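**Q** Assemble chain B onto chain A, guided by the hints.
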Amino acid sequence: MVNIVLISHSKILADGTRELAAQMGGQVVEIATAAGIDDPANSIGTNPEQIVAAIRSVYSADGVVVLMDMGSAVMNAELALELLPASMKGEIVLSSAPFVEGAVAAAAQASAGGNLEEVLREANSAIVGKQNMLGPVGEISAQTNMPPGVNSKGRLLKIIVPNKLGLHARPAAKLIKLLSDFRATVYVSKEGRRPVNAKSISQVSTLGTTKGDALIFLIQGEDGAGAEEAIKAFAADNFGDPVKGENDQQKPAKNKKRTINKSKGQLFGTPASPGIFVGKAFLARLNDPEVVEVPIEDPASEILLLRAAITNVEAEISQIQTQLNQGVAQTDDQILDFPLLLLEDHDLIHRIEAFIAVEQVNAAYAWSQAIEDLEARYRAMDSPYMQERAGDIRELRRKVLLALVGEEAYTFKISEPSILVVEELGPAEVAGLDTSLVRGIITRKGGVTSHAAILAKALGIPAIVGLGDQFTSIIDGAQLAMDGTSGRVLAVKEHPNEVAQLKEQQWQNEETQVQLMRQASAPATTSDGKTFPILANVKDANGAKKAFVMGADGIGLLRTEFLYMNRTTPPSEEEQYRSYSSICRAMQGKPVTIRTLDVGGDKPIPYLGIPLEKNPFLGLRGIRYCLHESGQHLFRTQLRAICRVAAEFPVRLMYPMIGVVEEVKAANKLLAEVLDVLRAADIWAVRPQAVGIMIEVPSTAFCIPALAREADFFSIGTNDLTQYLLTLDRGNEMVATYRSALHPSVLEALQQIITAAKVCQIEIGMCGELAGNPKVTELLIQMGLDKFSMNAPAIPVVKDIVRQLDYAALTKRKQSISLLDNLAAVETALSERD
Amino acid sequence: MQKIYPSHIIAWQEAFAAEMATNKAYLSELDSLIGDADHGSNMDRGYQKVAALLPELTGLDIGAILKKVGMTLISTVGGAAGPLYGTFFLRAGASSAGKTELLPIELLESLRAGLEGVKGRGRAVIGEKTMVDALEPALEALREEIYSGESLKVGLKRAAAAAEKGMKDTIPMLAKKGRASYLGERSIGHQDPGATSSALLIQTLYTTYSQLNNS
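Note that the protein sequences, when read in sequence, are chains A and B. Going letter by letter, the first sequence gives residues 1 to 834 in this note's numbering. Going letter by letter, the second sequence gives residues 1 to 215 in this note's numbering.
In short, the hints are calculated from the structure, not lab data. Treat the numbers as computed from the prediction; the structure is a model and nothing was measured. Among the clues, some could well be false.
[Unchecked claim] Once the Cα atoms are required to be at most 20 Å apart in a straight line, the calculated DMTMM-like pairs of lysine to aspartate or glutamate come out as: (1) B:K49 - A:D38; (2) A:K669 - B:E150; (3) A:K11 - A:E30; (4) A:K812 - A:E748; (5) B:K68 - A:E30; (6) B:K165 - A:D38; (7) A:K174 - A:E228.
[What the hints assert, rightly or not] Pairwise CB distance ranges, derived in the manner of DEER restraints: (8) B:E101 - A:G16: 47 to 57 Å; (9) B:L60 - A:K153: 48 to 58 Å; (10) A:G529 - B:E106: 52 to 62 Å; (11) A:T568 - B:E106: 21 to 31 Å; (12) A:L304 - B:L60: 46 to 56 Å; (13) A:L618 - B:E101: 41 to 51 Å; (14) A:L618 - B:P172: 21 to 31 Å.
Each residue gets a CB set at the ideal place from its N, CA and C atoms; glycine is no exception.
In isolation and in its complexed conformation, chain A is listed as follows (with noise of 0.2 Å):
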């Protein structure tokens, strides 16, 4: 029997709601009240000893359910919950329920007999009746048929979906964390049916919304005004998909099945990743766990199990997360939001503890179930696109599972380039590969859309998918040739001649890059003697080690705002030592630039504190938020740190968004404390070798000669550069016309600001996108730059091209570039260089 306890200020409210509660238990479920303090003068309050007794004399295996009236009556319950052993803990419930009504409502389920899930469900929506009997439900209720117990009162907001595919998983992923901002409580329905929480990944991702439907927020809170700006926003923003384009994305979601050709030794799918492999073929079953469901007597440590399995799954995939954008192609690092939001969907996963509670079965099979089914209504569900995201789910369910039976993370054991043949994968198990030996992929399930073929092809892996029953035919170790741009897989033996022409074509391809990689760490010299380093911009010490590789002289630019992310406190001071000196023994003696702390903007981290801004870019970001108050901590951290690092590596310091003297000065003033402080503490510290900034706000182009007094050297940042100087929106694709560094404008920007700093003798530099356009390597050599760096991939190719130029005649030479006056033009002139 499931037995409750009453708390409240008042004893007589308590014992009268006991009375009220009894008539409808009967004699049979126990009622417990913990109720006033024992002082004469005043009695209204609670105590969480009396609130432990309570419990204590009611406590049942079966559950039980607390009621509270309000204010120290909630939080002294809650503290009673921590006093009680936590072998009792699984089943005691307290409830947000109404006092009086929920008190009646779960006295009558539990005297019948009902479990601890179904007297919490009754008393949660006991106000209803009376709700329905007085309103004012009224308008609200009947638009939104609001699910029971959820107060039907708040915002409302109608919004026509804009997107073709609607809240899909990048948009509803878009959604979650846009929400997550709000304190509000946000339901949304699709015209006429059920509202689902708006902060759920798995609910609204599997609204099925198209293009035209129409959805109905309904917004609860007080924070709710600013909730409501913001879905308008996202809205007016088409859903956070691109306008431009939006009806060939979709198209590829029907992939171009081709007659199979029934020649013997060739297959044939879709192709959905470019590239030419000759290789062994690499058969790897999946390891999808089997699951049955096992009767379990602890569900409070089954469901510890699952967190802690979750917990792991999140961190690897966050990891993985981290990784991608190292520079390696230009991937959409917001393809795994997905999975990581679905791991954090609280209603999801309080389902599923609560079905291991009540059905008291193991972990494995609660979480399968539930995932199983999620899965079953992604590939139930009209656009062939969503289809494709169960491919994601079925990952997740592959990964927790796997972490449940404490195997290892799973990874394919190839030791040699293969192609990898799979049933299919997981973005995250692409995004995992190793891209030295997986070469290839041939897959029998999904299609182009599919986030593990989006990867793929960020990666440079060519892929072929959906390659359905004729996937069986292929033996694992057998000679195969594949071309990702045809979608035609090849047997070496049954087909010499045509594997001889596409190996000749991927050799072709390999050799240029092989060449170039041969001579990537030589220095960049131009044919009459002048050097320019090349380095690289990288955010960790995988990152380093890929630059170093890549032949970088340095890295002229460590992002290490990334070591701030995902996660909810700072790096304390150790941690951010340890890193920068990995990523300095990565680089083995070759300079590092490290870069403070640049946040705000679009990199917004919740536990800074930085207010929700109305124009973040114009805002608290980067050395602003490092120097106001509520910064100035985290940054002298950042700068202890470092200073200890540059007593034992070549560094340099950077600071970024400087727009005026004034910010150097009192940058490198916080630089002088904290060195102090080390120096009177004994710690080994020293200033970094140089200090210098970032040229990214346009004000900077007007004053070069006070900053050079101030900084030891400039590194021009062109992103943001280009978005302030012609104030167009980084992130909206409606102003991305003539968003460009090669804007005339911003060319002429950056010649006035190199002339400037050469005037001052002030070393200039460049770290933003443009510096590894290779295009614009010789631009840019004329223009008078000193120093690039770029994305490490871009390394080989920008050393090859200053190698050949010469470097005399070219400054003698008038650069032609800046007599455009328009963006088209540039980019014609540009492109008949080569």
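**A** Then chain B, alone, in the frame of chain A:
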């Protein structure tokens, strides 16, 4: 080196108990304007019990003393202040468990653990007209001073001043937590009683520390 010893903690609690007795009527009066008029009497009831207990705590480590204070408050205060102050001292105690002396930074950590406990228990953040509005600025000021190498005395002095400012800053605030939040706009214009007792808590920490370290 300046350190906090168990004797400091006991003296602090003694002094705060006296403050609660002195300010009983004042705190209840503040509470009568926006709440249920019992904050002063609740705190005083709890601290009479704490004061009676203090002589028995000599010889215990700092964590143990703070935990005893917390448990006593939890079972005697009655109102919302019980679980809130109780949690403050329980968490502060857990953070300093087994320690017989605290470095300034450890004191700060311990108090911050307490503050985090209060914020978690009450689901409150700064600006909602609660204890947090006095405690958080105080600990922030203390942190700044400690990190810039100032003495603990100076740090606590600034903390006390920041707590007082934080307390006064609650006057124009709209209450968003507790009984006062039911008043909505009418809660504006009154000083929050919880922030007031919290400011006194930090104030007495400063005065007891500076008295003990002058003599």
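**Q** Given the hint of 48 to 58 Å, check if B:L60 and A:K153 actually sit that far apart at their C-beta atoms.
**A** holds (51 Å)
**Q** Given the hinted pair B:K49 and A:D38, is their Cα-Cα distance within 20 Å?
**A** Since the Cα atoms of B:K49 and A:D38 sit roughly 13 Å apart, the hinted pair holds (cutoff 20 Å).
**Q** Assess, step by step, whether the Cα of A:K669 is no farther than 20 Å from the Cα of B:E150, and give holds or violated.
**A** OK: A:K669 and B:E150 at ~18 Å, within 20 Å.
**Q** State, for the Cβ atoms of A:L618 and B:E101, whether the hinted interval 41 to 51 Å holds or is violated.
**A** With a Cβ separation near 48 Å, A:L618 and B:E101 satisfy 41 to 51 Å, so the hint holds.
**Q** Quick one, are A:K11 and A:E30 close enough, alpha carbons at most 20 Å?
**A** Roughly 17 Å separates the two Cα atoms, so the pair holds.
**Q** Does the Cβ distance between A:T568 and B:E106 fall inside 21 to 31 Å?
**A** holds (22 Å)
**Q** Can the restraint linking B:K68 and A:E30 be considered satisfied, given a maximum Cα separation of 20 Å?
**A** Distance ~33 Å between B:K68 and A:E30 Cα, so the pair is violated.
**Q** Do A:L304 and B:L60 keep their Cβ atoms within the hinted range of 46 to 56 Å?
**A** violated (34 Å)
**Q** Using the Cβ atoms, figure out if B:E101 sits within 47 to 57 Å of A:G16.
**A** holds (53 Å)
**Q** Return holds or violated for the Cβ distance of A:G529 and B:E106 against the range 52 to 62 Å.
**A** holds (60 Å)
**Q** Between A:K174 and A:E228, does the CA-CA distance stay at or below 20 Å?
**A** holds (15 Å)
**Q** For a C-alpha distance cap of 20 Å, please report whether A:K812 and A:E748 respect it.
**A** holds (19 Å)
When the structure is compared with the earlier hints, violations turn up for hints 5, 6 and 12 and for no others.
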